[in-house]
Every structure is written in structure tokens, then in C-alpha cells.
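Protein chains: 2
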Amino acid sequence: MRLSRYFLPVLKETPSEAQIVSHRYMLRAGMIKQSAAGIYSWLPLGFKVLKKIEGIVHEEQMRAGHIPVLMPTMQSADLWRESGRYDAYGEEMLRITDRHERDLLFTPTAEELITDIFRSHVSSYKDLPLTMYQIQWKFRDEIRPRFGVMRGREFYMKDGYNFDLTKEDALHAYNRHLVSYLRTYERMGLQAIPMRADSGPIGGDDTHEFLVLADTGESEVFYDSAVTDIRLGQRNIDYDDHDQCRAVMEEFTALYARTDETHDATLFDQIPAERQRSARGIEVGQIFYFGTKYSEPMGATVQGPDGKSIPVHMGSHGIGVSRLVGAIIEASHDDKGIIWPEGVTPFHCGIVNLKQGDEEADAACDKIYAALTAVGLDPLYDDRKERAGGKFATMDLIGLPWRITVGPRGLKNGVVELTSRRTGESVELPPEDAVKRIAEIYAEHASGRGF
Amino acid sequence: MRLSRYFLPVLKETPSEAQIVSHRYMLRAGMIKQSAAGIYSWLPLGFKVLKKIEGIVHEEQMRAGHIPVLMPTMQSADLWRESGRYDAYGEEMLRITDRHERDLLFTPTAEELITDIFRSHVSSYKDLPLTMYQIQWKFRDEIRPRFGVMRGREFYMKDGYNFDLTKEDALHAYNRHLVSYLRTYERMGLQAIPMRADSGPIGGDDTHEFLVLADTGESEVFYDSAVTDIRLGQRNIDYDDHDQCRAVMEEFTALYARTDETHDATLFDQIPAERQRSARGIEVGQIFYFGTKYSEPMGATVQGPDGKSIPVHMGSHGIGVSRLVGAIIEASHDDKGIIWPEGVTPFHCGIVNLKQGDEEADAACDKIYAALTAVGLDPLYDDRKERAGGKFATMDLIGLPWRITVGPRGLKNGVVELTSRRTGESVELPPEDAVKRIAEIYAEHASGRGF
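Sequences listed follow chains A and B, in order.
For the first sequence, the residue numbers in the working numbering are 199 to 649.
For the second sequence, the residue numbers in the working numbering are 199 to 649.
Keep in mind that the hints were calculated from the coordinates and are not lab data.
One copy or two, either will do: identical chains are not told apart, so a pair holds if it fits within one copy or between any two.
With a straight-line cut-off of 16 Å between C-alpha atoms, the simulated EDC-like cross-links for lysine to aspartate or glutamate are:
| hint | residue 1 | residue 2 |
| --- | --- | --- |
| 1 | 583 | 325 |
| 2 | 553 | 564 |
| 3 | 324 | 584 |
| 4 | 634 | 615 |
Let the hints inform the model, and build the full structure from the sequences given.
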């Protein structure tokens, strides 16, 4: 994309309403615009990041064997009355009456609707196990929306639901989700620690939240510092293998790590003192096993091998897709702006022309742009007639991890400058080598369609 | 995907509530499930087709230089009061009150919100031309929703908005949209004819609807039969070239083609009698030029080259993404089921194993499956222990354009059967040749990430 043809409304001033760094930078980098309290439009740069994150979530869910569906945002209140949650949910549920005076609601979660789909179409244990998920807009009418997309009212979320014949199978689904979530976050350059949590209105016995450590987190967390040394990395995991998935779950949850809701001071004190940590965290996902809580009242049963009717064991599992945009910025920025991890960056590389209008500089930039595009990369070329300082400030603010700087002086020596946003380090090298280097960096971050 | 691990709830019986063929087949093929009047869940097969169509729309919009954004489904009523449409819109607008008694609405279209984004960030003619679009869920509270996704209440739509300095530039944007829409529909295997139409509540002078001819269409249309002979085909169009885009627009709109709203019997009678046609059509898109209708009342102005403040010229342009799923089925089916065009088929190819459990047949199917996957294709392998007749009926119903049938008898002669869903013709050939043939067929339908 050439910046002269793009819509990137960066702000020089820090908007006064933004209290945390991700909200400030998302507004300043022209990623979002508030349209009502807790409700945002995603401008081109923000949309690209949102779609990158969505793409990674889809890829990792499908890799785990989960099947994508899409449920509507507007749901009938009837199903929620059947489960008993319509009255229980409280004022965070946005309730609506249509022109025929029927009660609708904007889905905050979809246990009821997916259970209805299941009971309408599945009747035999032979069709299990089954896990379906969606990535869809949700609404929670927060009394005090704040922190930009981190605690908005309309938000984008992946919610998945497993249906299993036995508790053991459902716990495997729980472990499988844990593994797939770890892989998902690591691909985004994030460390998200599974912590024992409270189940809240979803219900159920077993639940873990995934938390990104950040000073601006809304949750207080307590953990053994050794937990931050564990990585999933490039392990080859067979998602059908119960033992493999359980082993990962046990490895990641053996050490103490809890939110304040489930914190146990006695257990915490057994950690060696130098490893005791209390900090703040941002919740970016949660997994639940809740057994037959919905299947029993809603009649979601299958015929077992012996012909008897059995209510299925279920769990639900969420990833905050729009919230992750903010969480990644909280975890990766400096005082100049955002620093995108390669896996989610909106453009792979920036190109800064130090002397727009100079024949050689323009030609070199065009050539680099074409070469990057030819290898499947998506550069942002700042082709405006602006001062170099302004161009650098914009690139630093929007946080592309790599920048190629092209100027007449370097070109005389046959070189351009390749700069890492993260370290600030620059190297001079011939243009074709810069392109090659960038292509190598992204070879391991291949992702789907770009926007 | 192996069918044994998929969720494809096909129905044997035709649901009584479905009046038109696309609705019947979408229910029978397990593509959708109604959750409330005019509100549907997209089951796995339906979701895949919806995403294929969405992908083509995105690709063609970006190819035309239009920039994707995403606006929220919930909008504040304030902006709609500013334009005067809040009261004018009538009961089809779903109106909502939040917990703080503020008026919200579920967006039926987004002229106001995009104009607000524009006026907040753009102030100079140098930032024009600019066209932004989104693909987002909309809601219209139809008094009598019907025909499945063809006239639902919650629907998925691409809506785009152009901002230009002059009327001439805005008319170029209009023509550019027309060209990009023609290309979009052709990639989906559809002929959609631009017809002069009425502007309705969007407003404006110039507007064309795109109609797919089908007996079940809700619109009555009148046209010169010669209009159906025109194709865009593989022309190489420069979307920045005003003359090229205008020439395509003139070519496609020179002949008489109108909906009943703008039908003119006198003009129609001037067509040679043997070319006069009246028929039914399904509207799958519409483009509008409406000048300063929104920019003037909402103060969306830019500073022109002479320093004077000028209200921008605008248009808006829509494609019914979820409706297209139904429209394509209306245009392409037979009495056994759907016949997907290659561009939007949910799976590229079906594999039917005539004797599941037979060692050689199973091994051959696994090998074909792996070979198709290795070349980037997405097959559906019916690996269930079912009769061949049942497997064929399911494949015919869900409409994959190509099927490879594998059985012990053929394998003895080193061949499998490759069958076209459209023609019913089969050829016998070695498995590796069948894979090669399928790969060749899809080489021209390369599309993004599959679901």
C-alpha cells in the first residue's frame, strides 16, 4: 500500500479520554474511532490487525479439529428462558423488543444457541466428539466501558463449544483447547499464562483464564515466577492424543498461578519466597468444563452404545479477539509507539523515501515495493512529500517491525538501511539483500489473506 | 475434511416452511438453521460458502483500490437524527435502549457513521479520492421475513462509500464500482445485470441494481434480451482510468434493462419485439451516486485547492453477501440438489469410497485425499460406512462440482471415476490423473484461506 492512497489518520496530540497506553496508541495511530460509549469503528490499520488475529485464531482452532460455524448476533429470549439465564444475566445483557413485540437480545455468549443446534441435529454417540466454534461480535452492556477495545461494549470474540459422551472426553477437549490457546498466543508474540479462575455466570467446576502480564491489567494475579519460563514452542502435538494434551496441561498448570478470585494465601506461601510474584494481568481467554449444566435442562442427549439416553458433557472456551489488539500493544510498545510482533503486524515492512520526487530514490522505492509484493509481502510505502523526521515518527508510532529507508546518499553507495523497530538497530545493505532478509524473517509467519 | 469428523446434518425430508428452492436446499444440505424469524445460524457447510463469497468480495474491492474498515453493528441514534433519517426510516430499523436509557440502533446501512469518520479526519482535497467499505452484519426488521437468507432480518452485506471532490470524480467512483461488481459476480459464476432502479431511502439521482434472473426473484424486470450476451470476462481494467470504467458502464447499461419501479413502457416498446423480455430477478447489489445529500447536512467538507470549503460528493454501494448464497443456488441447481460454481464451492471435490473398510479402497482414498490437500485443495472425503447410493445422494445434494469415486473394481484396473456434478458425465482415469485434472480446473479459481 502506498500511504498517499491509504487512510491513516494519525493524531499528533494524545486524546484526553485515553487512560492506558494501548487506547492512546490505537487512537493516535488511527486504528479505531469511538462511535458511542464502548463502541468503536475499526479504521483501516486497526481492521488489518484485527483480521490478522482472527486469522491466527481460525487457523489454530481448525488445526485442533474444531469446526467453524457462525451464529447470529440477535437471539430470541426464549432459549435463554429455557436455560434459566434470561433473568439471571442482569443488566449487562442488551435486551431488545422487535416490531412484533418479541424479546430479542444481543448475544453475550452462545451456550444456549449452540446447544439448541446440537439437540436438533445430533442423536447418536457415534457423532461425538464434536467441537464447534465461531468468531462473532458480542455485546455486554458494561456500566462503565473503558480502556478502549479492552473493555468495550461491542467486542469480537471466539467462542467454542465441545460436546462429548463422557467426562473424560470432555476433559480431553478442555486440555486440547488449552494447548491450542497456548499456540495461538505464542504465534501473536504473547505470553499468556493459564491461571485457575472463577467460573462466573457461565458456571462449571473447571476453568482457567489466560492472562498477559501488564501493569495496566484489570486482574490481580499471584504466581510462581518459574511459570513464566515455560513455552510451548514448536512441539508437534497430536490433538487426538489424550495423554499428550494432558501432559501439556499439567506442565503449564502445575506451578501456582491464580487470579485474586481463587487466590489461596496458604498455598502461595509454600512457593520459595524469591519466586513469589503478585502482579496485574489482562485476561485474553478462558476455558470451561461445565459437564451437563446446559445439556440436562435443554435436553441435549445422545443415544449411547447401550441404547440409553445420555446428556452430553460440555465445555465452552473463549478468546477475546478485539481485546487482544489492545493486550498486544500493552505488552509490546515503547515511548515512541507500538511495536508489533511479526505474527500480527498490519504491514510487514515500512518503506521510507527520504527524498520523495528524487528520480533515483523514487525508482529504488518502487523496485523494493514491487520485490516485497512479489514474494507475497505487504509493505507500506510512505510516498508523501514530508520531512524524513515526520515519516520516521509515523512509522515508529504505527509500529511496523521492520523499516527500509531509502535515500540518495545511500543509493550512491548501492545501499539502503534496514531498521528493526524493536531494537532500533540498523544495517546498511543492497536493496535486494534487504528484501531477502525481510522475506526470511516472515517465512515462519506465513499467514492467510491480507487486508 | 473427513465426513466422519465433520458436522453435516443433511435432512431427508423437505422442511415444510421453505417455499423456494434455495431455502429448501440450504436447510436440507445442513447449511443453515433458523434460530428466530428471519435470523439464521450458519452451520459448517453454509459458513464455508459465506466465507468464500466474502473473500471474493474483499479481493475485488481491494483490487479496485477500496479500503476495508469495520463499523459497529450498534450505532448511536444521534448521528441518524443529524441526517434526519432516524424518524424517516420507519419500523424496519431495530431501535434499542441501553441501560443508561440511550438510544441505539442495529445498523441497516452506514452512510451517517462513515460520514462522521470522514469529517473527523479528512480536511483537505489532497486526501481525495477515498473509498472505504466494510462487510458487516446488518439488521432490517422486515415485517414478514421469508425465503430463508434471501429476505432475512439479520444479513451480511458489503457496503462501500466514496468521497470525491467533484461530481465527475464521484461518477468515476460509481463506474468503478459497477466494473468491480461485474467482476465479483462473474467470479461467483453468476450473471447479474445492472438495471436502472429507484433509490429508495438512501436517496440520490443515479442508481443501478444488479439482478440475477430467476423465477423466484421478488422483482419484476424488463429488458432487451441482448443484454444477457454481454460479459466482462478477463479484460484487464485499470481502475484509475476514467474512460475505461465509463466505457464498461456504457456498454453494460446502453441496452434497456429496468426494474418495475423505473419501467417505461414507451421505451420498452422500441426494442425489437423478439428481444423484449419480462422476467423475475433477485437483487444482489446496488450502487448509488447521491452527491452532497449527507455531506451538506453533516458538514463533511474539504478545503479545495483555492482554500474554499467544499462539501464532498458521495455515493454508496452494496452487495448482499448472505443473500448471494441463496441467489447462487436459485441460479444453479437441479432436482437432486445444489450445483456450486467452482469459485464458491465449499469443498473443491468430493471423494466417495464405495467400500469403506476395504484395505485397498481405503488406502487409495487416503492417498487421493493427501494428494489433493498437498496441492492446496480442500476435499470432502465421505469415509462413512454407508451404502454407495446414500453417499451419492449426499454429494449430489450438497453440490460439490467434482466427485472422485473409488471402488475395488476400478482399482483392479488402476482407475477411479471423475464425475462432473453439472453435466453428470464421468471419466475413468488413474487416481493421479484425476488429482491433476482437479488441480488444473481450480488453477483459475485460486482463493484465500479456506474454512
